[in-house]
Amino acid sequence: MSEQTSPTTSPTSSIFLNTDVPNLARIFDYLAGGSINYEIDRQAATAMLTIIPSLGKWVRLRRAFIQEAASQLHAAGFRQFLDFGSGMPADDHIHAFAPEARVVFSDLNPVAISYGQGLFTGQERIAYIRGDARQVEQVFAAPEVQRLIDRQQPVAIGLNAINLFLNEADNRRMAQALYAWAPAGSKVFMVFQTRADREMPAEYERFREMCRAAGLPIELHTYSQSIEMMRPWQPANIQPIVDFLALPQDFITPADETEIGLAFYAAFLEM
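Under the numbering used here, the first residue of the sequence shown is numbered 13, with each subsequent residue one higher.
Fair warning: there could be bad hints in the mix.
To be verified - Pairs of lysine to aspartate or glutamate, DMTMM-like flavour, derived with a Cα cap of 20 Å:
1. Lys69 with Asp182
2. Lys69 with Glu282
3. Lys69 with Asp262
4. Lys69 with Glu271
5. Lys69 with Glu80
6. Lys69 with Asp255
7. Lys69 with Asp268
8. Lys69 with Asp104
9. Lys69 with Glu240
I should point out that these hints are in silico values taken from the structure, not numbers from a laboratory.
This structure is a prediction, so every number in the text was calculated from the model and none was measured.
My request is simple: use the sequences and hints to build the entire structure.
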């Protein structure tokens, strides 16, 4: 991975191919173990890892939850997914674990959008669109959503780590709008991060500043705030992400928890 000079597959978009500056979508793809990134992204990721060495673990946990959640929802009969903050649409994303389901990915990152649209050109059941979780009504109105999402059938809605990048008011508006739009029987699947009721570690504040400088400010919420912001959705299953994925308890060490200063939860919410 560290020896790669270019992604293994890359739609020839000038936006995606711009390697003058690192891009957060490609950085997080690298941290998740993906191949859709360039050397400049790997250098930026390495800088982040010097601040929070366990960052790669947390990013991979998020991706593992998405995979497991998609598999469980597909087994439960869900055949359509609407995902926010999708990032790079790697081969191991939702569509790989929900075969024959209709999937609409969305993001604000122009590199992720450009790559996704190039990758899924000509696909009948998968689309990648520009989607802002603060303006979900625009997502609902997108032609791709109108074409692929049947409002008479339940929808699985992915909001993985979205709450971390929205303030409380925006989280509440998003949750209420999704609830009003979603067909009966729909579910939300999400990873959310919560801060402890104490001062955040200096390492995390440095990482937070790096994200802010890259145009991705991070908002920190407590566990109770995170649940309350998502109402009227009701918790169906919420567990620490390590427990949900049935990983060994020592997969995340005390040092990992201390340096990140956040707790990570896996959740399903229902109507």
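> Which of the numbered hints are not met once you compare them with the structure shown?
Replying inline: 1, 2 and 9
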